[in-house]
Amino acid sequence: MKRNRLEKLGDFVLGKGFYIVLFLCVAAIGISGYYLIRSVSGSEPVEEPVTANPNITLPDSSAVFPEEKPRPEPEAQPDDPQPKKDAETSAPVQPREVVYTWPVKGQVLRGFTVEALAYDETMGDWRTHGGIDIAAEEGRKVLAAGEGQVAEVYDDAMMGTTVTVLQPDGVTAVYSNLAQGPAVAVGDAVDTGTVLGEVGRTAMAESGLEPHLHLELLADGEPVDPLSYLPEQN
Numbered sequence: 000m001k002r003n004r005l006e007k008l009g010d011f012v013l014g015k016g017f018y019i020v021l022f023l024c025v026a027a028i029g030i031s032g033y034y035l036i037r038s039v040s041g042s043e044p045v046e047e048p049v050t051a052n053p054n055i056t057l058p059d060s061s062a063v064f065p066e067e068k069p070r071p072e073p074e075a076q077p078d079d080p081q082p083k084k085d086a087e088t089s090a091p092v093q094p095r096e097v098v099y100t101w102p103v104k105g106q107v108l109r110g111f112t113v114e115a116l117a118y119d120e121t122m123g124d125w126r127t128h129g130g131i132d133i134a135a136e137e138g139r140k141v142l143a144a145g146e147g148q149v150a151e152v153y154d155d156a157m158m159g160t161t162v163t164v165l166q167p168d169g170v171t172a173v174y175s176n177l178a179q180g181p182a183v184a185v186g187d188a189v190d191t192g193t194v195l196g197e198v199g200r201t202a203m204a205e206s207g208l209e210p211h212l213h214l215e216l217l218a219d220g221e222p223v224d225p226l227s228y229l230p231e232q233n
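Quick note on numbering that gives the first Met the number 0: the sequence shown kicks off at 0 and runs consecutively.
Since the hints were made in silico from the structure, they are not lab data.
Any given hint could be a false lead.
[As the list claims (entries may be wrong)] Distance condition first, Cα-Cα at most 20 Å in a straight line; then the derived DMTMM-like pairs of lysine to aspartate or glutamate:
| # | residue 1 | residue 2 |
| --- | --- | --- |
| 1 | K104 | D224 |
| 2 | K104 | E221 |
| 3 | K104 | D219 |
[What the hints assert, rightly or not] Pair ranges (Cβ atoms, derived):
| # | residue 1 | residue 2 | range |
| --- | --- | --- | --- |
| 4 | K104 | D190 | 32 to 42 Å |
| 5 | G138 | G192 | 28 to 38 Å |
| 6 | G123 | E96 | 37 to 47 Å |
| 7 | R95 | M157 | 12 to 22 Å |
| 8 | P94 | Y118 | 19 to 29 Å |
| 9 | L116 | A184 | 17 to 27 Å |
| 10 | M203 | E151 | 13 to 23 Å |
| 11 | A188 | G123 | 15 to 25 Å |
| 12 | R95 | Y118 | 19 to 29 Å |
| 13 | E114 | G192 | 10 to 20 Å |
| 14 | V194 | P230 | 30 to 40 Å |
| 15 | Q232 | L116 | 19 to 29 Å |
| 16 | L226 | R126 | 17 to 27 Å |
By construction, the Cβ of each residue, glycine as well, lies at the ideal position given by its N, Cα and C atoms.
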């Protein structure tokens with residue numbers, strides 16, 4: 000007996016048709032799940048994470064940028080002129096000749112000696128002598144051997160009352176063994192022959208000699224022989 004179509008369809012569904020229907024159902028469920036997930040997460044695609052080598056889009060080299068104005072070169076400044084110095088203070092003082100005279104007239108008791116030793120009666124030994132000792136009675140007026148300006152007036156422990164005069168020829172004149180109370184003060188201008196004081200007995204280092212004036216001349220700080228500057232005595 001021939002089977003009708005309905006029975007053949009039933010046999011197909013129970014046979015191979017069952018697996019086909021099952022596959023279609025699974026596919027439908029998968030498609031439905033895919034669209035459901037997209038509707039929940041949004042329509043925008045998920046961006047890929049940046050990796051160690053991201054793609055960087057460089058600006059077009061042909062793009063027009065504002066042109067940077069070159070910086071102006073600094074103008075050359077003229078050398079700052081050196082401050083002008085006062086001609087009177089900057090110009091070196093030119094030494095000028097000084098007319099010398101004997102501060103006191105008398106015998107030279109001890110001469111100038113710096114290269115050889117001479118016996119010192121007061122100290123009892125042999126030593127140099129950086130000046131000359133001119134005999135003169137106590138109280139005799141002591142004159143400036145040369146013009147200049149009084150630089151120092153002081154009492155020396157060994158050489159007694161002393162007056163120092165700076166002369167325009169560059170020589171410093173030192174007058175020692177004066178009586179106390181000289182006639183000049185620091186800053187006084189003196190001429191050749193101006194009275195500086197009197198002969199005294201204040202120099203302990205030369206107290207073994209008769210009354211006298213101790214005279215020293217210094218050129219550039221070094222002692223020189225006063226007899227080479229003083230005129231001959233008449």
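L226 versus R126 beta-carbon gap, inside 17 to 27 Å or not
Holds - the Cβ-Cβ distance for L226 and R126, about 19 Å, lies within 17 to 27 Å.
Is 37 to 47 Å respected by the C-beta to C-beta distance linking G123 and E96?
Since the Cβ atoms of G123 and E96 sit about 42 Å apart, the hinted range of 37 to 47 Å holds.
Need the status of pair K104, D219: alpha-carbon distance at most 20 Å?
violated (27 Å)
Taking the CB of R95 and the CB of M157, does the distance hold inside 12 to 22 Å?
violated (33 Å)
A range of 19 to 29 Å was offered for this pair. Does it hold for the Cβ distance of P94 and Y118?
violated (36 Å)
Given a hint of 32 to 42 Å, does the C-beta separation of K104 and D190 actually sit inside it?
Cβ of K104 to Cβ of D190: about 18 Å, so the range 32 to 42 Å is violated.
Evaluate the given range 28 to 38 Å for the C-beta pair formed by G138 and G192.
Check failed, 18 Å falls outside 28 to 38 Å.
Holds or violated: K104 to D224, with C-alpha atoms at most 20 Å apart
holds (17 Å)
Is 30 to 40 Å right for how far apart the beta carbons of V194 and P230 are?
Violated, since V194 and P230 (Cβ atoms, about 19 Å apart) do not stay within the stated range.
Is the hinted pair K104 and E221 satisfied, with a Cα-Cα distance of at most 20 Å?
Between K104 and E221 the Cα gap is close to 25 Å, so the pair fails against 20 Å, i.e. violated.
Regarding M203 and E151, is the given constraint of 13 to 23 Å on their beta-carbon distance met?
With Cβ atoms ~19 Å apart, the hint holds.
Return holds or violated for the Cβ distance of E114 and G192 against the range 10 to 20 Å.
violated (32 Å)
Violation of the numbered hints given earlier is confined to hints 2, 3, 4, 5, 7, 8, 9, 11, 12, 13 and 14; the remaining hints are satisfied by the structure.
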